[in-house]
Amino acid sequence: MTISIPPQESNQPSSLQPKGWLRYFSFSLDHKVIGIQYLVCGFFFYLIGGALASAIRIELTSPLSDFMARDVYNQVLTLHGTIMIFLWIVPVVNGAFGNYLIPFYVGARDMAFPRLNAVAFWLIPPAGLLLIGSYFINGAAQSGWTAYPPLSITTPAAGQLIWIISVLLLGGSSIFGGINFIATILKLRRPGLKLMQLPMFCWAMLGTSILVVLSTPVLAGTLVLLSFDIVAHTGFFNPALGGNVVVYQHLFWFYSHPAVYIMVLPAFGLVSEILPVHSRKPLFGYTTMVYSIMAIVVLGFLVWAHHMFTSGTPPWMRLFFTIATSFIAVPTGIKFFNWVATLWGGRISLNSAVLFSCGFIVNFVFGGITGVALAQVPFDIHVHDTYFVVAHFHYIVYGGSVFVIFSSIYHWYPKFTGRMLSENLGRFHFILTFIGFNLCFAPQHWLGLNGMPRRVAEYDPQFELVNQISSVGALIMALSTLPFLWNVIQSAFNGNIAGDNPWRALTPEWLTSSPPPVENWKGPAPLVTKPYGYGVNIGSKSNLSTSKSELEEEKQ
Amino acid sequence: MTNVIQSEEAKEVEISHEEEHADHRMFGLATFLVADGMTFAGFFAAYLTYKAVNPLLPDAIYELELPLPTLNTILLLVSSATFHRAGQALHKDNATLCQRWLLITAGLGLAFLVSQMVEYFTLPFGLTDNVYASTFYALTGFHGLHVTLGAIMILIVWWQTRSPGGRVTNQNSFPLEAAELYWHFVDGIWVILFIILYLL
Numbered sequence: 001m002t003i004s005i006p007p008q009e010s011n012q013p014s015s016l017q018p019k020g021w022l023r024y025f026s027f028s029l030d031h032k033v034i035g036i037q038y039l040v041c042g043f044f045f046y047l048i049g050g051a052l053a054s055a056i057r058i059e060l061t062s063p064l065s066d067f068m069a070r071d072v073y074n075q076v077l078t079l080h081g082t083i084m085i086f087l088w089i090v091p092v093v094n095g096a097f098g099n100y101l102i103p104f105y106v107g108a109r110d111m112a113f114p115r116l117n118a119v120a121f122w123l124i125p126p127a128g129l130l131l132i133g134s135y136f137i138n139g140a141a142q143s144g145w146t147a148y149p150p151l152s153i154t155t156p157a158a159g160q161l162i163w164i165i166s167v168l169l170l171g172g173s174s175i176f177g178g179i180n181f182i183a184t185i186l187k188l189r190r191p192g193l194k195l196m197q198l199p200m201f202c203w204a205m206l207g208t209s210i211l212v213v214l215s216t217p218v219l220a221g222t223l224v225l226l227s228f229d230i231v232a233h234t235g236f237f238n239p240a241l242g243g244n245v246v247v248y249q250h251l252f253w254f255y256s257h258p259a260v261y262i263m264v265l266p267a268f269g270l271v272s273e274i275l276p277v278h279s280r281k282p283l284f285g286y287t288t289m290v291y292s293i294m295a296i297v298v299l300g301f302l303v304w305a306h307h308m309f310t311s312g313t314p315p316w317m318r319l320f321f322t323i324a325t326s327f328i329a330v331p332t333g334i335k336f337f338n339w340v341a342t343l344w345g346g347r348i349s350l351n352s353a354v355l356f357s358c359g360f361i362v363n364f365v366f367g368g369i370t371g372v373a374l375a376q377v378p379f380d381i382h383v384h385d386t387y388f389v390v391a392h393f394h395y396i397v398y399g400g401s402v403f404v405i406f407s408s409i410y411h412w413y414p415k416f417t418g419r420m421l422s423e424n425l426g427r428f429h430f431i432l433t434f435i436g437f438n439l440c441f442a443p444q445h446w447l448g449l450n451g452m453p454r455r456v457a458e459y460d461p462q463f464e465l466v467n468q469i470s471s472v473g474a475l476i477m478a479l480s481t482l483p484f485l486w487n488v489i490q491s492a493f494n495g496n497i498a499g500d501n502p503w504r505a506l507t508p509e510w511l512t513s514s515p516p517p518v519e520n521w522k523g524p525a526p527l528v529t530k531p532y533g534y535g536v537n538i539g540s541k542s543n544l545s546t547s548k549s550e551l552e553e554e555k556q
Numbered sequence: 001m002t003n004v005i006q007s008e009e010a011k012e013v014e015i016s017h018e019e020e021h022a023d024h025r026m027f028g029l030a031t032f033l034v035a036d037g038m039t040f041a042g043f044f045a046a047y048l049t050y051k052a053v054n055p056l057l058p059d060a061i062y063e064l065e066l067p068l069p070t071l072n073t074i075l076l077l078v079s080s081a082t083f084h085r086a087g088q089a090l091h092k093d094n095a096t097l098c099q100r101w102l103l104i105t106a107g108l109g110l111a112f113l114v115s116q117m118v119e120y121f122t123l124p125f126g127l128t129d130n131v132y133a134s135t136f137y138a139l140t141g142f143h144g145l146h147v148t149l150g151a152i153m154i155l156i157v158w159w160q161t162r163s164p165g166g167r168v169t170n171q172n173s174f175p176l177e178a179a180e181l182y183w184h185f186v187d188g189i190w191v192i193l194f195i196i197l198y199l200l
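Chains as they are written, first to last, in our numbering: chain A, 1 to 556; chain E, 1 to 200.
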């Protein structure tokens with residue numbers, strides 16, 4: 001005789017694991033705890049990176065470098081870029097939401113390798129502290145997040161080496177995470193769940209993880225060679241010793257162009273989860289979505305040299321990379337039309353999550369258009385290394401990824417905490433962010449077209465007014481963090497009780513309590529074959545049915 | 001009675017939560033090796049690019065001899081075969097034979113490392129002499145690091161097959177299989193390295 005016992009009583013994690021809030025500071029193996037660790041840790045670094053961005057914008061309100069010394073400005077912009085990319089966006093869109101959601105979506109109790117998962121997270125705080133600490137030791141790295149030689153070889157060595165160590169740690173964390181996601185999505189799927197029935201976020205994370213696993217090691221190898229150049233005075237990237245700086249650029253962008261998709265593909269997946277729920281319609285064009293994600297993964301490896309059109313690139317290479325880059329607009333465009341079609345005719349509730357998702361669509365279309373423009377060699381040569389590139393990049397990563405991160409926090413906060421966020425504060429946060437963001441970065445297109453170079457503390461006085469407008473936008477963006485922070489903190493204690501499924505969503509993470517129990521479901525994992533079956537008369541049974549054997553198990 | 005079953009089931013659930021999923025560890029390792037292979041791919045790409053576009057400065061020396069690396073190639077290829085024999089012996093529950101093959105494999109790996117060091121000391125160029133030389137040492141050094149780690153892994157597996165409780169047995173052969181997959185990978189990388197650095 002076997003006796004079925006309610007698993008939530010027997011599933012307590014090992015008694016060595018602390019309970020309550022302390023578990024967020026422990027080597028927890030629970031994917032949900034690790035997800036929240038990623039999210040909160042990432043947001044902490046976002047605040048630091050944001051403070052650095054504010055310092056940059058304060059410096060740029062006047063043409064002279066009067067707010068900080070030029071070498072400090074270089075350190076600040078390097079730290080800003082590195083922190084925002086490697087410590088905020090990559091860990092949060094991948095680590096936080098990936099870890100929290102993927103096991104639910106594949107019907108698993110945890111990730112494939114829980115210990116590796118915890119190791120991957122705990123590499124991040126020391127790496128971040130190293131990076132920030134380098135400023136106080138002997139000055140941080142000054143060569144930008146790209147660390148191009150000869151700049152990275154000639155600037156003070158200590159800061160640059162700490163930067164390299166820190167990025168290597170973060171790269172290792174990223175690779176471990178990627179291995180875990182691939183194994184979880186491909187190997188840990190609940191029996192009966194087919195690949196083409198997975199929520200779109202799984203496909204996005206699968207594509208992202210393939211990019212991570214194939215491209216990050218190349219960056220790691222390159223940075224090791226760079227550290228040899230700095231420490232042992234080898235000549236890999238030093239022309240005086242027979243080396244070649246362009247080789248560094250090729251190797252660097254072989255990682256760092258896919259890195260843009262590592263930051264943006266998970267965001268695509270998250271938006272694909274959020275929009276159907278709040279417009280009460282199925283996700284439009286599921287199959288084309290899947291194929292376009294995979295097309296972006298393949299094409300993402302074939303476009304890196306479009307960052308190097310002014311690096312003495314031979315004409316055939318320029319032609320090839322222009323064409324390949326323009327091709328990426330096709331799968332990306334398909335996804336946009338699919339999201340718009342998902343919203344079209346839906347019963348949209350314009351809450352904070354949807355507002356941020358729609359803000360993402362608007363911003364990202366704009367960033368996509370400037371991206372296609374930048375892919376064209378004649379135009380790129382004109383605006384290369386100007387503020388046009390800064391504006392384009394921020395429309396992609398802030399207007400794209402960060403808007404989606406906020407949208408996702410509004411969408412999943414009830415699941416994380418069991419309480420609702422304040423809608424009024426959320427809408428206020430969105431309005432401030434959207435206005436501040438566009439006011440900050442839209443004028444920078446004009447600055448770039450008129451020839452203002454990026455990464456320089458001083459500029460021509462004719463650009464002063466537009467720079468000041470941009471700085472006002474940055475101020476509004478900085479202020480927009482306050483209602484969000486207040487909302488998140490006070491709602492954790494005083495927010496309305498959310499219940500299990502406040503959005504009446506169909507994806508599996510909503511079919512359990514909020515916050516979910518340790519092993520995700522009290523009973524067997526539900527089999528959700530139609531995660532987007534909104535407004536379609538399929539009956540709740542057929543969608544949420546559990547398999548026969550499990551129903552029998554429950555009866556016993 | 002009920003209590004016993006409950007606690008046993010509880011234990012099972014706990015283990016399934018805490019343990020790495022045994023079935024997927026080889027898959028995870030294979031994925032990691034793909035990533036590791038990409039690091040080598042980056043180095044190879046850099047080396048080939050230097051060869052194609054960066055001619056040596058007139059007074060630079062970069063000459064490689066074939067005999068020693070050919071011996072190294074043979075050593076590693078034979079060691080792959082001996083490791084395979086160790087695995088076969090383990091699956092036939094022949095622990096003594098398995099241990100013997102493991103020791104031979106580790107010995108071949110160490111012989112490779114010694115031979116590599118001999119080559120390093122006899123080469124007419126140093127790490128910082130020119131960019132070909134730097135890339136040569138970076139590539140072979142990174143590979144040598146892999147061989148060193150592999151040899152340590154083999155010795156650990158050998159030690160575990162000897163332990164009285166039998167930590168590596170026919171029933172629990174994952175450590176041996178993982179080390180074997182890794183070792184074959186390192187050998188495969190060496191063959192590519194040998195072709196690109198010495199034969200091309």
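For the record, the hints were derived by calculation from the structure and aren't laboratory data. Just so you know, not all the hints are guaranteed correct.
[Stated by the list, open to error] Chain E residues, not near chain A, derived (Cβ > 10 Å throughout):
#: 1; residue: R25
#: 2; residue: M38
#: 3; residue: F43
#: 4; residue: A45
#: 5; residue: A60
#: 6; residue: A111
#: 7; residue: S115
#: 8; residue: A138
#: 9; residue: S173
[Stated by the list, open to error] Sample of chain E residues facing chain A (criterion: CB under 7 Å; computed from the structure):
#: 10; residue: A35
#: 11; residue: T39
#: 12; residue: H84
#: 13; residue: Q88
All residues carry an ideal CB built from backbone N, CA and C; glycine is no exception.
Taking the hints in turn, this is what the structure says about them:
no. : hint : result
1   : R25  : violated, 8 Å
2   : M38  : violated, 4 Å
3   : F43  : violated, 6 Å
4   : A45  : violated, 7 Å
5   : A60  : violated, 7 Å
6   : A111 : holds, 27 Å
7   : S115 : holds, 24 Å
8   : A138 : violated, 6 Å
9   : S173 : holds, 19 Å
10  : A35  : holds, 5 Å
11  : T39  : holds, 4 Å
12  : H84  : violated, 25 Å
13  : Q88  : violated, 27 Å
Violated hints, in rising order: 1, 2, 3, 4, 5, 8, 12, 13; the structure is consistent with all others.
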